[in-house]
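Asks: Next come the chains, spelled out residue by residue.
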Amino acid sequence: MKKMIMAAAIVLAGVQAHAIGLTQTAIAITVLPTATLSASISGVQKAVLYRDGVDFVLRSEVDPNAAPSLALQQELNEYASKKPTNETALQLTNRLLAAEIANDQAYLASKK
Amino acid sequence: MLNRHGFILGLLFLGLSIGTHAQGQTRFSLTSDEPTVSAILAEITANLPVQMKNEINRPLVVKFTQTDKNDRLYFPTDEKVKTLTNPAVAGEYVPGLMNNSNEIQINKNFLPLLKTPGYKEKNLTATDYFKKTVYHELAHIYDFLKFRNADETTFYKENCGTETYSDNKKAPWCNHYNRVGRFSEDMQFMNLDNWDTSKESKNTQRKNAIDPYVFKNSGEAFAAYFEAFMMDPSFACKKPALYNYYTGITRAQPFNGKCKSLNSRVYTHNQEIDLDPSRLYQIHFFLAAKGEGFASRWGHAMLRLVYCAPYRKKMDDECIKDVKNHVIISFRANIDSLSIDNGKGLTGKYPSQMFVLPFNEVKEEYTEAEFRDVQSLPLVLNQKQKQLMLEKILETYWDYRGKYYFLSNNCASETLSMLFSVIDDTRRFDLIKYNDVLAPTTPVGMGQSLIKFNIAQYPSLPESQLIANGYLFKSGRGSMDIAFQYLKQTNAKALDAIGAGQVDLYVTKTSGEQRAALMESLLKQAPQRTKGILSSSYILENNIKLRLEWALRNKIAKKIIDAPEIMEGQQFQDAKKLQDSVENTIVNAERKTYGVPSAVDFEDILTTLNLRDMAKNQKKIAEDLSYDSLLKELPEFASQIRELQQNTDNLKQFLLEIGKAISAK
Chain A
1 MKKMIMAAAI VLAGVQAHAI GLTQTAIAIT VLPTATLSAS ISGVQKAVLY
51 RDGVDFVLRS EVDPNAAPSL ALQQELNEYA SKKPTNETAL QLTNRLLAAE
101 IANDQAYLAS KK
Chain B
1001 MLNRHGFILG LLFLGLSIGT HAQGQTRFSL TSDEPTVSAI LAEITANLPV
1051 QMKNEINRPL VVKFTQTDKN DRLYFPTDEK VKTLTNPAVA GEYVPGLMNN
1101 SNEIQINKNF LPLLKTPGYK EKNLTATDYF KKTVYHELAH IYDFLKFRNA
1151 DETTFYKENC GTETYSDNKK APWCNHYNRV GRFSEDMQFM NLDNWDTSKE
1201 SKNTQRKNAI DPYVFKNSGE AFAAYFEAFM MDPSFACKKP ALYNYYTGIT
1251 RAQPFNGKCK SLNSRVYTHN QEIDLDPSRL YQIHFFLAAK GEGFASRWGH
1301 AMLRLVYCAP YRKKMDDECI KDVKNHVIIS FRANIDSLSI DNGKGLTGKY
1351 PSQMFVLPFN EVKEEYTEAE FRDVQSLPLV LNQKQKQLML EKILETYWDY
1401 RGKYYFLSNN CASETLSMLF SVIDDTRRFD LIKYNDVLAP TTPVGMGQSL
1451 IKFNIAQYPS LPESQLIANG YLFKSGRGSM DIAFQYLKQT NAKALDAIGA
1501 GQVDLYVTKT SGEQRAALME SLLKQAPQRT KGILSSSYIL ENNIKLRLEW
1551 ALRNKIAKKI IDAPEIMEGQ QFQDAKKLQD SVENTIVNAE RKTYGVPSAV
1601 DFEDILTTLN LRDMAKNQKK IAEDLSYDSL LKELPEFASQ IRELQQNTDN
1651 LKQFLLEIGK AISAK
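Protein chains in written order, with this note's numbering: chain A, 1 to 112; chain B, 1001 to 1665.
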């Protein structure tokens, strides 16, 4: 077995996750090819925006009173504190999601 | 430093004086027939905390005699000391003794060294070694003076039915209470210094200890730390929580009080973070609900450090929402292998280690990966106790590793011990640990106990408010159900057609290609529901990713375990070492100093161990991993790898479509 793939096997097998319960998250972080995605343009944590942002978009489709998760809300607050805006949480989430995804798309296209 | 006294004899002598100490002029004095040491003893007398002098309240004589069976005097730095298997007990390495309440015996070989100006071995002068020895014996004398106070005695009589020190049959936990008569057996001291019983330290991490004797028994630990309290100017920064304890019991603050420049930086998951006390708002008991695995069926107990975001000017309940800035303290079995062995977990073969983790990562682990709810219960701690907790956390991070027993010394008992190292209340500790029917060694039971004994509070709010205010984090299962229902409402028949009429079937029985085709089909059928369809597909796909990775991980792990030539190969060991987490490396490393390192020492550790490079290397290995390489080297898992690859492609595709849909609006 080659050294690189050996390391990959260890990555899959629970890198830095000797502790119970850490394994799944560690793998999720490691294997997801986020490395191919570019750095965030907004300063918002991309993982939170993608996971909780999309979840908020869906919940808003079925419930007009849906609220963002605390993690997403904090990211939105921090963004708004730097660039004040009158947008609602949903409007801001949509805008940041669109910008972030477009940025990643452009980055991926440039790599081809 | 050493075992050098008859405890029972001392107890008998000193017990007679309880409650009789003078409030004004003390009868304490420290003298010797040897003029060589009169000035040193005068200095010790002057520096000794007034509280101790008042409590001891009797003349003490320092006598030089043969204390060591070989009539030798070893310095602590002597290499010979390291080779002694049972020093002091065997009569070796004995610089001092306390055999009765009025006399401190000192190794007579000190005398010629004390008469030699400037004599020292390594960095320890004979004079300082002598002072340490005398302080050590004075600590033992003071230790014997601590008995239960009136409140404790009343409580004991009411609950255990007798005042005697004999075993009590009424309730087993009374036996524990019986023993709490000395500072070194005091509940708070024992929790601060990780003692299970006065004879058994929980700490297996001994290479960086201030002195090997701190593990002998809690009495020796108490005396050894007192030496440092009186003589080491850096003790307040290296052992800040213990320094605070000694300050409390002696009412003295050597070297101008508390640490002025505590290094609160640690490494967590290969990132440096600062456990800055100035931004800490609250500490919560953080409880993950029961999981499906053997080791998680009782829930998981943690602590949540509620830090306020840097932009907040006011520290109030709004800080509870600043989850990105919060930190989780989690005791876990540190499993340095590719699979969990329940037998090892039951018999203490895994180290119990405190991990400092980012809040969002831990929350996601439980709610999204394991579908467990997490409750966050604010602890009833005052400002000083919160500060102490941070100090204890730092001491634990740098100096502690225990043995993890799934059923006894586990996350709940370790967390309880942390809590009662800052809550000075033996009654509540004993009631919870030894007498509470809520079974506090289980995390869920511990949460109930903490509420029952008013150590934690859980707000009486509707569930929606608990969620909105950061006291409850619901399982990600709810999001999955919403997503699936959205797809089902769009076209139930399309789901049935691919055998995915229920959410679990969608997640476990469909292929990535089927899901991608389904998404396209639904979009054509219901373009007005585009955002919902895409969002739902993405959310479900994200969950599927976790399941696929988990399954592949287990297959690869099994392959490696079944192949000793790979497991034991140098390549594997090298790669594994490279992948070892930085915090593990820190804990395992031999350092120059004990306790919490200063900022300068911290930098030195990072440089010496190449920790920053290690963190970079880990990232690089992750980046170098590709599906092509996995397919090439692990062809037997091709179907699982391709499925994972398709899943990744779906995620990208769904996300890009979401971007278009949002932009189109």
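In case anyone wonders, no lab produced these hints; they're calculated from the structure.
Honestly, I wouldn't trust all of these hints.
What the hints assert, rightly or not - Quick list of in silico lysine-lysine cross-link-like pairs, BS3-like style, CA-CA up to 27 Å:
no.: 1; chain 1: B; residue 1: K1258; chain 2: B; residue 2: K1080
no.: 2; chain 1: B; residue 1: K1321; chain 2: A; residue 2: K83
no.: 3; chain 1: B; residue 1: K1321; chain 2: B; residue 2: K1258
no.: 4; chain 1: B; residue 1: K1386; chain 2: A; residue 2: K82
no.: 5; chain 1: B; residue 1: K1324; chain 2: B; residue 2: K1384
no.: 6; chain 1: B; residue 1: K1386; chain 2: A; residue 2: K83
no.: 7; chain 1: A; residue 1: K83; chain 2: B; residue 2: K1131
no.: 8; chain 1: A; residue 1: K82; chain 2: B; residue 2: K1313
no.: 9; chain 1: B; residue 1: K1384; chain 2: A; residue 2: K82
no.: 10; chain 1: A; residue 1: K83; chain 2: B; residue 2: K1384
no.: 11; chain 1: B; residue 1: K1555; chain 2: B; residue 2: K1474
no.: 12; chain 1: B; residue 1: K1080; chain 2: A; residue 2: K83
no.: 13; chain 1: B; residue 1: K1321; chain 2: A; residue 2: K82
Since the model is a prediction, treat every value here as computed from it, not as a measurement.
Asks: Could you tell me which of the numbered hints above are not met by this structure, giving the numbers in increasing order?
Replies: Hints 1, 3, 4, 6, 7, 9, 10, 11 and 12 not satisfied by this model.
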